[in-house]
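Participant: Take the sequences, apply the hints, and build the full model.
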Amino acid sequence: MSESSAVVQVRDLVKEHGHGESRVRAVDEVDLVVPEGQTLAVMGPSGCGKSTLLHLMGGLERPSRGEVWLAGQRIDGLSERALARMRRRSVGFVFQAFHLVEELSAVENVELPALLAGRSPRQARRRAGALLERVGLTARARHLPSQLSGGQRQRVAIARALANEPLVVLADEPTGNLDSAATLDVLRIFEELRSAGQTLVIVTHDERVAATADRLVSMRDGMFVDDTRLAGFHPRGLGGLIGLEG
Amino acid sequence: MQDAVLAMLAKEPSHGYGLRARLRQSLGPLGESMNPGQIYVTLSRLEKAGLVVCERADGLPERPDRKVYALTPAGQQRVATWLAEVGWPKPDMAEFHLKLVAAAAAWLADPVELIAAQRRELLRRLREAQQAILAEPAGSKATLLLEGVVLRLQADLRWLEVCERAWSRGGASRADDRVEGV
Amino acid sequence: MGSIVLVVRLVLADVRRHPSQVAMLLFAVTVATATLALGLSLGGTSRTLYEQTRAATAGPDVVALSGDTGPAVTSALAELAADPDVVAHHGPYRIVYADLTTRGSVTSPVVVHGFAEKPGALNRPLVTSGQWVRSGGAVVERGFATALGVGVGDRVTIAGRPYPVVGIAVTAATSIYPWAAQIGPGGGPSDYTGLAWMTRSDARELASSEDLPVTTAVDVKLRDPAATEAFREAHRGSDVTVDFHSWQRKAEQDAVILRGTQPILVLGSWLLSFLVVAGVAALAAGRAVQQTRRAGLLKAVGATPGLIAAVLLTEYLAVALLADVLGLVIARLTVPVIASPTASRIGDIGGPTGPVIAAATVLAVAVAVLSALRPTLRALRTATVTALADTAHRPRHRPRLTALSARLPTPFLLGLRLTARRPGRVVLQACSTATTLIALTGLLSLSVQTSRGYGLNGSTALPNLRAENTGHLLIAVSALLIALAVVNIIAFTWTTAMEARPSLAVARALGATPGQVSAGLSIAQLLPCVPGALIGVPLGIGVFSVLSPGNAALAPVSSMLIAALATLLVTVALTALPAHLAARRPVVPVLSADTP
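Sequence lines, in order, name chains A, B and C. Under my numbering, residue 246 is the last one in the first sequence; the count climbs by one each step, no gaps. Under my numbering, residue 1182 is the last one in the second sequence; the count climbs by one each step, no gaps. Under my numbering, residue 2596 is the last one in the third sequence; the count climbs by one each step, no gaps.
Be careful, since some hints might not be right.
Claimed, not checked - Restraint ranges, calculated between C-beta atoms of paired labels, are given here:
no.	chain 1	residue 1	chain 2	residue 2	range
1	A	S64	C	R2400	44 to 50 Å
2	A	E165	B	R1169	42 to 48 Å
3	A	S64	B	L1108	29 to 35 Å
4	C	P2589	A	D221	19 to 25 Å
5	A	E165	C	R2400	24 to 30 Å
6	A	E21	C	R2009	27 to 33 Å
The set of hints was computed from the structure by calculation and includes no laboratory data. We put the CB at the ideal spot given by N, CA and C, even for glycine.
Facilitator: Listed below in structure tokens is the structure:
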């Protein structure tokens, strides 16, 4: 794949936590290219460094060493202010704990990034309305997060992540707090984003979520141990899954 | 398969055509891989075993399939037994386990590599099943079956994870297993 | 027993974790209790000191003064001494009205009492340094001498005649400096006056040679020292006009010098207490989530609600009571300085009385309870599971305010929304700012006061001790108020930042820059201060008018408005650092928390 189409690229990335004896390498010399339009899942047990990798890609944390490129721009050396602007423009975050602003209604949460990016309140509201429709929550636009179910909250959070039409959506354990029905709702939205060509990086420990991706990277102790392409394989037929054949 | 076809006839006698439609509806996307002739093969076997009887339907000359199948008392007996049965298909894990042991013992292959390959395969299947679920309309009963497949595959993947941990501890160093990013 | 050990252990652990908060609570409550104890202690101090001086100097029960002089007056006063109720007397003696000038050219009115070289049984001034009068040498009253800055061996000029100061003494026969004159020449009103003693012959010579006004007085001791009023009544209507100055009246006059200080201290202590409660409550609220969670943990392992309340309250109470003790000690140490601004009295004020200790303790306990009440109640009320789930206080949804803030630039958007999260704190903060401005208005108005000095013709070469004492206290109390208000602003900002940490972390993740977040935090603090400042100025004017004499001048309104503006600017400046620090905290730990 050509590097010019890479939305996210990391080179020789290292992130260390702690000092001296207690120093741990959360991310240990990782290289990764996420081309445009790819849905990438990063899987691994808790503490393997996958969330840290995601934070590094979104500029929420700074690497100890190595490079992070976002849309052709190197971001690991940017100032906090420039990083914030970059996130505003290019990155949408989805968190395990949703992290909606509790005192704001669903639509107010969704329009927040657009307001931060300096759009007019009317534009921001219109965009937020459209996004809530996309995640099927138009009827709940005026509800507070506390009045929504976990799955609905996460859908609001996804809509919020899309508010500024980001280059990449970074999702950190997006279904970690959800039951299986709500997980399906979220996966349906991800599937829709995937088919619309949205670049998406999902960190998860759930095989089921990982399996919706085009590509799966497995992490252990800060390193990649496997990189599998899941998409584009001819199915042997679903029937094979339940022994209907033969 | 035979038992399921028999049970479906318990409601009322049916054409082979109708049976096939009902089966496919219940299985959802999984039923699509079903051989179209399979139902007739099954029915004729059941007929030979004396569990169903085949009658020609009268007054429906325009229908290409005029055979109507019904349960015999023996067939009904078999359905009742089947429903009461608590057996459960045994997942075949022993084979894969022995494969790993043999490969490691004879230095035929790296068990960790075998596990990784198996894992990839299961993940692709999981993706397939997952996408089939997402494609199903809400409320479809077939989703339940797919859900079962997904959960099964997840369980298998977790078992592979346990295997991988055990084999990579005893086997080669981690660095050798490391796969660089594409 | 086991539960007491547990409570103590938990309290100690918490104190170790939050030393700065404990230090703040300790400081704030100490200041408040010290001020209150001081204010309440002042009530009886003048009398205590007067009585001790009276005992040490054989103070007369009544001083009878006549504005005139001459044989008729002398015999009329001598007649008084012959009253059967009089058990001892001193005099009649001369009181000469003159000016006293020091070598430093400070001039003050002075009354010179002509006394025997050998003191009698009654009105024996206590010589605190040097010796008693001798021919050609003067003794200066200690309060007067201190104000003049003269000591034994210095030379002073009285009515143009030089005298060496041979001694310094105190007496209970007159009120404290500057009220030594008691009556003016001819029985008229008197100016601020000091006291000096000379031998009888020196006094006579001074009066006659310089043709100075002279009055006559006699000191008497009554059988019943309390019956001064009866004595006065019995001798009314004599031919000669005689003023009777009882010892009670002198003690009361002594207290006049403190008249301005006590309200400042008592009112100041209430304002200080309010600021303490506001600041400590804000800090406590900042810890509420943690406390609730801790209470949940304790409940989960089987602690009773009583134990949980005990742990939370014990910490605040223990610190407040320690602060109470410190405050009482500070009050005890500072009360002599404040209670006796002149050196005219001797004696010991003694420790704080029972009621004063009780009032200070009640204040300390009230502060502790008020500050800890909400977190304690919340911790007790919250179900164990909810507490463990770490859910914080949930702010209300304010759609209109949210829509309004959406139109504003990002820092204002964040600031307005942060302000709206905690309406209770907005009120506290507004009150805190108002308190600061009350103090500032008082200070500004104080600076434009002109008080009549104690020197000759009101010269300020000898400063007005009463106004000075009041002014110093006002400055001290205002400084404490402002210091606490500053601490409060920082505490408020930090608490707001800590409480809004999840929201701010989200805003950062969504692309708010650290600069926008810290500006938002500063604005959130500033918004409630604006109404506070606007209310504070008129309140300050009101408080100052109530506390000061009717003729007191007010500072110009323009300077008060500048003070209000300056307060707002200082608030912004003070919030800048905590806001800056809070805005630059890493967001990942907050965002990684896996519970919503």
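Participant: Next step is simple, just say for each hint if it's right about the structure.
Facilitator: So, going through the hints one by one against the coordinates:
1. S64(A) to R2400(C): 44 to 50 Å: 47 Å, holds
2. E165(A) to R1169(B): 42 to 48 Å: 46 Å, holds
3. S64(A) to L1108(B): 29 to 35 Å: At 41 Å between Cβs, range violated.
4. P2589(C) to D221(A): 19 to 25 Å: 21 Å, holds
5. E165(A) to R2400(C): 24 to 30 Å: Hint holds: Cβ distance 29 Å, inside 24 to 30 Å.
6. E21(A) to R2009(C): 27 to 33 Å: 30 Å, holds
Consistency with the previously given hints fails for number 3 only.
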